[in-house]
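Chains as they are written, first to last, in my numbering: chain A, 1 to 361; chain B, 1 to 361; chain C, 1 to 361; chain D, 1 to 361.
Treat the hints with care, since some could be wrong.
[What the hints assert, rightly or not] Between beta-carbon pairs, the in silico distance windows are:
no. : chain 1 : residue 1 : chain 2 : residue 2 : range
1   : B       : L183      : D       : T184      : 43 to 51 Å
2   : B       : R67       : A       : W203      : 56 to 64 Å
3   : C       : Q36       : D       : I359      : 20 to 28 Å
Read the hints as simulated data drawn from the structure, not as lab findings. Note that the Cβ used here is the ideal one computed from N, Cα and C, for glycine as well.
Protein chains: 4
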Amino acid sequence: MQEPMSGSRMEDLELFYEEVKRYQSRPLWVSRTDPQPKAVPYLWKYQDFRPLLFRAAEIVPMEMAERRVLIFSNPGLLGRGPATSTLSANLQIINPGEVAPSHRHTASALRLIVEGDSAYTAVEGEKTYMEPGDFITTPNWLWHDHGNEGDRPMVWLDGLDSTLVNALDATFREEYPEESQPLTKPTEVSQRLYAAGSLRPTWVDRSRLHSPLINYKFAQAYDALSTLARESEGSPFDGICLEYSNPQTGGPAMASMACYASLFPAGMHTQAHRHTGGVVYHVITGSGYSVINGVRFDWTAKDTFVVPSWAFHEHVATEESVVFWYTDTPVLEPLGLYREEPYEENGGHQRVTGNFAPIPA
Amino acid sequence: MQEPMSGSRMEDLELFYEEVKRYQSRPLWVSRTDPQPKAVPYLWKYQDFRPLLFRAAEIVPMEMAERRVLIFSNPGLLGRGPATSTLSANLQIINPGEVAPSHRHTASALRLIVEGDSAYTAVEGEKTYMEPGDFITTPNWLWHDHGNEGDRPMVWLDGLDSTLVNALDATFREEYPEESQPLTKPTEVSQRLYAAGSLRPTWVDRSRLHSPLINYKFAQAYDALSTLARESEGSPFDGICLEYSNPQTGGPAMASMACYASLFPAGMHTQAHRHTGGVVYHVITGSGYSVINGVRFDWTAKDTFVVPSWAFHEHVATEESVVFWYTDTPVLEPLGLYREEPYEENGGHQRVTGNFAPIPA
Amino acid sequence: MQEPMSGSRMEDLELFYEEVKRYQSRPLWVSRTDPQPKAVPYLWKYQDFRPLLFRAAEIVPMEMAERRVLIFSNPGLLGRGPATSTLSANLQIINPGEVAPSHRHTASALRLIVEGDSAYTAVEGEKTYMEPGDFITTPNWLWHDHGNEGDRPMVWLDGLDSTLVNALDATFREEYPEESQPLTKPTEVSQRLYAAGSLRPTWVDRSRLHSPLINYKFAQAYDALSTLARESEGSPFDGICLEYSNPQTGGPAMASMACYASLFPAGMHTQAHRHTGGVVYHVITGSGYSVINGVRFDWTAKDTFVVPSWAFHEHVATEESVVFWYTDTPVLEPLGLYREEPYEENGGHQRVTGNFAPIPA
Amino acid sequence: MQEPMSGSRMEDLELFYEEVKRYQSRPLWVSRTDPQPKAVPYLWKYQDFRPLLFRAAEIVPMEMAERRVLIFSNPGLLGRGPATSTLSANLQIINPGEVAPSHRHTASALRLIVEGDSAYTAVEGEKTYMEPGDFITTPNWLWHDHGNEGDRPMVWLDGLDSTLVNALDATFREEYPEESQPLTKPTEVSQRLYAAGSLRPTWVDRSRLHSPLINYKFAQAYDALSTLARESEGSPFDGICLEYSNPQTGGPAMASMACYASLFPAGMHTQAHRHTGGVVYHVITGSGYSVINGVRFDWTAKDTFVVPSWAFHEHVATEESVVFWYTDTPVLEPLGLYREEPYEENGGHQRVTGNFAPIPA
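Go ahead and model the full structure; you've got the sequences and the hints to work with.
Set out below in structure tokens:
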């Protein structure tokens, strides 16, 4: 096709292409593979979002409370997608007195509490109260609802795999026939059952696809992290890093999302590496910056940022920081699609070529 | 928001939405979830495509032979997608004398031979010759190439999970430094190693993510199917059905795609059921029809049709028929997203409400 | 062979049997399968053993401290075997100032502390101090030693799978070249790494065949048990029962021995059942009795008793009791040899036909 | 205890030991660990056993046909045990017209046909006819029986894990209420279902603990072996070696016994190695010798020999030979007790220090 074509040959081709089209087909050889929209590194500052959320708390009425959510919308995905190619990260605000109706869906969800207290989530008949830094699981197809019994709003980060579940054409959703599911279990029983982790109750039989724990308390995680920080150097890439694991299997907290907490002691500078699978990071405490594909992203407590698949990233803590993060690597691994490589040059540290600047809408 | 809003309130909201947008976010409560494009049941007749392919064999030059492919493009996915939400099904034609350069990619691929002979595929240093009905695996990240040593074109159906791998941002591709990888193994050695299936060579160590067999010969599959058909009724939904399994694990032939051959004896009418996961069906021999969500799709040898996720489907053979099919259910299962249900009414048979008519482009 | 045989026929047979014997063979049809020695239910009272142990502490010199052990020797196994058909249960006493030399063996061992304090076990470079009720693991082929830094003796129950490992001809043992292995890890680091159970350190890579935890503290287990006892009925057969699980897999603490703690609230009377696999029970606190194959075994704190494979057993607590127990069922399960059945009659309770009386030697 | 003891001290000790004994205990420090009986390398020649078997066929009446078995009794196990520490290897002879009553047991069994034809085994409602070299599985707790429909005796090698199952106190046995189980499946259907190995019928649901195949035909195994022998060197230790694998898992044919066929081309001399787990070898065809712990064992077709756990062994074929072998290594592996090492010196070949001589009874 390098030579110029005669007019008649071009007409023939046009006709051919038309004919192919008629049969709901298209020729691969003329597919202009349009540049695919692709998630880019990005950061959303809580200081921008806090006022918006509190305004939303006023303007969005209680009937729509369940949808009073601001979506972190990756600019690389044309503003129509979620935070990474497969994972959502949204901020939700719940007013005092609000109760969300029970429902369930095949998408798995997690909540990381940002501010507030006295609100609860109930999952499969068990209620748990939430505090800042707590990590709550509402896995695939379990009934869940929540309510705010306190006197100020609660804000949390919502993490979901709904984009992936949609891409797999496996989205189902169901409303509970009544507003709230009955509470059939003692409050926070799963914490008592599984708090000691390596002590497994023998009479409880549950799915092994997701963790039976619905609330991994921040106080317990921070305690473990800071104890370990005193005597270990942790991972070169992730600092003092704990996986929130399923105590029944040692595997990820949810089948599609592995969830972690990393403590970076003041001054720690991790090595850069990259891997397939997108990651959402949410800063629980502290401040510092991450270098992602050569660009510096400064962050402080309650900010959220994303590292897309295969982007080099490293972290620097200017003060002791704890960062929560989740990723879809458990989906990649059984398919043989997980790969990882360290940044070899320059002692494992990228050269910083710029600072993050928000992209204007 | 049920009450009419005052002008100033609406202006406030507009300003609010603008502000949210500035921060690369969007409010969930005003998201008009556009109807998602979704794969629909569809059928592509080989009699339409054969002339197109042979014309393509003339007009697309040898240098582009690797791309001389007609994509079955599901009309529900706006003509821009593959055959189902995650799986491609394309027809490719290879001229005599053509040799494709070696490459590898993280997408897994399969080939089901439609017509021709004397062409080969080579995978990881092993060459195998292909005949109609043969099922060839070219799994994730293994070097592969092919060539046609005969004197007439070969046509095959290409099945790929590339849409899924793209959605997971895990697409990698590499060209082999030379045109062809060296043939380091005896021709068709994997057939000899694994032909007897339950006899496992002890000195061979390979990945367990995909089958070590690169060619599942049709002759062997047909032999097994017709023997079983004489004494068994098989599956109520899938007829006399064999899974092309990985002899090292008993699991699917490829990590992301389970592959099957179903024999329907003349007159068989299966029960209807539906399940998550899209399916591509390719008729190797015979004729009959399938009822998909109430619509009748008549098919004959070499036709290809798709059943999207969660569509009811049942099959009727007017003569003995063998159908090859592949599906992404192995991806759904470990995520807890596989679900299945039989059609309970009317003795398990859908009422036929119409006949398939091709959708004009 | 029912008819009386003639003299000459008998002589022929004798000659035949002699001949078979010459070839290191024997006829199955004349095998008088002697009644096999078989473990029986038995109980060893600590009040009998404490004075013996303290006397042994005097008469067995320090050089032989490692062997200053009294073996619970099941009378059904002719006084030459261990406590059950496959598992040992022995009492060991360690004098102040004694240090055992480092060694390792393919038999797996556990220690349940009976009395004393200020003694430690070191496993693979990590030291842990032991208190009554603590459960210590010294798994297959890990270097271990111990010492008593306090001023009074320590007594513990030693549990081992050495009989099984012997039966499998897989016994290996090695002395450490120096008296003590070097302490390469911070004291009790595994407790800090795995104490929070569901928080898994990501940078630690260890075998998944046995738990990375070397000391499951009694205080933590008792806390979990008594919390659960307030709101749950637990298992009908085992009471409020926690498995000491491997936090990396959710599986048993050691590959060959599953280990449990059961709390029986005062007055609890469990249902009877039986299963394959022998069990060693050691009473940490409380008192009560168990009915084993119809015989009542009264027990109090620090006593040890065994339930052999397939014996019916049920437990009654006269005061709140915590019982530690271990069993070889993880060996049976993958072989398809585990079976279990409840006692169906009489509301699940056996009729008591007698009381345990020690068998005179 | 190095110093001579005074008379009174010795008396004290005697009294102490008496007292310990009274409590069904014994001191570890005076345990004279008697040398354990241990399986030794041994070989049983078929030419010795054939006349004995045919005489047994006459003298042991039909009612006891099921027990007309000569046990290969390892002289290291005091003539009371089986062929290795855990595995039995026995020869059984079945007269024409004999039918064995159906039964089942938790011990798993295998049959390797030595001579004869026209006899069948039936397992779980399926009948299969047996020919020399065929390997038949009668797994744990499946009903099985057999009969000889031909006009001459059949001889087979019986392999069992009954010693292991006994050691685990998990022996159960049941007679079928009638003489023969009903034949509910077509004759040899499992061969047709699983013959093509990598083609897995989708509608059959069976345990994954043992292979669904009941007869691995010798003709098929020999065909695969000799094809592979033309282009591969196989394993340095086991020659051209196929594992009879479970087509549903790729794992061993039975949960407790891995079964193999090795072809040694004429002149092949394998490298020596040793591993835990005892092995029974049965020569199907050919002749040669094995060197086991330095001793040469000459063998010819139909001979049986054993290599105990951890004995070095290597094989030499003087003509092309096919050897069937089975081992308990699948039991050792999940317990972390499997270990293996090559013989490093002298180019991997042991120095031969003697020839096997039968041990007189």
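inquiry  = Taking 20 to 28 Å as the stated bounds, is the beta-carbon spacing between C/Q36 and D/I359 within them?
reply    = 26 Å, holds
query = Taking the beta carbons of B/R67 and A/W203, is their distance inside 56 to 64 Å?
reply = Since B/R67 and A/W203 have Cβ atoms about 60 Å apart, the given range 56 to 64 Å holds.
inquiry  = A range of 43 to 51 Å was offered for this pair. Does it hold for the Cβ distance of B/L183 and D/T184?
reply    = 49 Å, holds
The structure fails none of the hints (numbered hints given earlier).
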